[in-house]
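Here the protein sequences come in this chain order: A and B.
According to my numbering, the first sequence is numbered sequentially starting from 385.
According to my numbering, the second sequence is numbered sequentially starting from 1182.
Treat the hints loosely; a few may be bogus.
Unchecked claim - List time: in silico DSSO-like cross-link candidates among lysine-lysine, alpha-carbon distance up to 30 Å:
| # | chain 1 | residue 1 | chain 2 | residue 2 |
| --- | --- | --- | --- | --- |
| 1 | B | K1309 | A | K443 |
| 2 | A | K443 | A | K395 |
| 3 | A | K404 | B | K1309 |
| 4 | A | K395 | B | K1309 |
| 5 | A | K443 | A | K404 |
Bear in mind the hints are in silico, worked out from the structure with no lab data behind them.
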Amino acid sequence: MPRARVLIRPKEGILDPQGKAVERALPALGFEGIEHVHVGRMVELEAEDPERLAELCEKLLANPLIEDYEIQTL
Amino acid sequence: MIWGVLQFPGSCDERDALHACSLLGEARLVWHEERDLRGVDAVVVPGGFSYGDYLRAGAIARFSPAMEGVAELAAAGAPVLGICNGFQVLCEAGLLPGALLLNESMRFLCRQLDLIGDGDERLSIPAKHGEGRYYAPEEVLDGLEANGQVAYRYAPGQNPNGSARDIAGVRNEAGNVVGLMPHPEHAVDPLTGSTDGLRVFEAVAAAGARA
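Let the sequences and hints guide you as you build the complete structure.
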C-alpha cells in the first residue's frame, strides 16, 4: 500500500510554548545560533487512496484553525 | 429536565457532573456508544481525557456516536454544556468556535479562580487543565464579543493560561451551547468551598429554554 507521511505544525503567528521552551534550552547546552524553533507532530501511515489524505488531515489529523499540515507521499 | 452526562473512555469528571445535574433535575450517564439521545433534554460533556486525548484533546471524541446525538440536540436548541475536555470536544466538533491550546506556562494548573459571567456576575470556580488557552482568530474574537458570545472571562489578573482576551468560556450564536475550561461541577457543595458552579448549570438550562 502507498506510504505517506503527514507533518503537522502550529500555524504561523500562534504562540508555540513547546518550541519556545526548546529554543530557550539550547544555549545552556552549547547550541548557539538556533532560532524559530517549532514543535509539531508527524503521522506515518499507509493509504489505499492517497488522494483522500487531504480530507483526512482536514477532518482529523490537523485542526485547520490552529495547525498547518503537509502531506508527503513516500 | 433530564440531563444526560456523556462518558467517554478516559472521562473523569462525569460523576461530579452527574451529581451537579441531579441537584437540578434528573440525570443519567450516556455511554459514548449511545447514538440515540431521545429522552434527554440537556447534555453535559464532562472533563477528563477522552480517548486518552491522543492526537489533540477532544479530537477523537468528536467522532463518537454519542456526539452525533449531541449535535442533533444542539441543533434543536437543547442546552449543551461542555466542561474542560468537554469544551475541547465541542470546539473540535465545530459546535463552538475556537480551539484550546497548550497553556502558555506549559504546566498543568489546578486552582480556584474567579470568573466573570453575564452582567458582571462573579463566580468562584476551580480550574484544572493543561490545554486551556483559548484561541480564535482576531476577527472571530471580535465577532464573539460583538454578539455577546463570550460567556465567561477570567477575572482581571487571573487569566491562568494565556487565553485570548481572558476568555474562559464561550457560547454558540443561538446561546444554547456553552463551553468553559473551569469546572462548575466541582463547585456545587459548600463542603468544597463554593456553590457558584450551580449557577453555570442553571444559566445553561435557561439559555436552552430560550434558544
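Now for the hints, and whether the structure bears them out:
no., hint, result
1, K1309(B) to K443(A), "holds, 28 Å"
2, K443(A) to K395(A), "holds, 16 Å"
3, K404(A) to K1309(B), "holds, 23 Å"
4, K395(A) to K1309(B), "holds, 26 Å"
5, K443(A) to K404(A), "holds, 28 Å"
The structure is consistent with each of the numbered hints, conforming to all of them.
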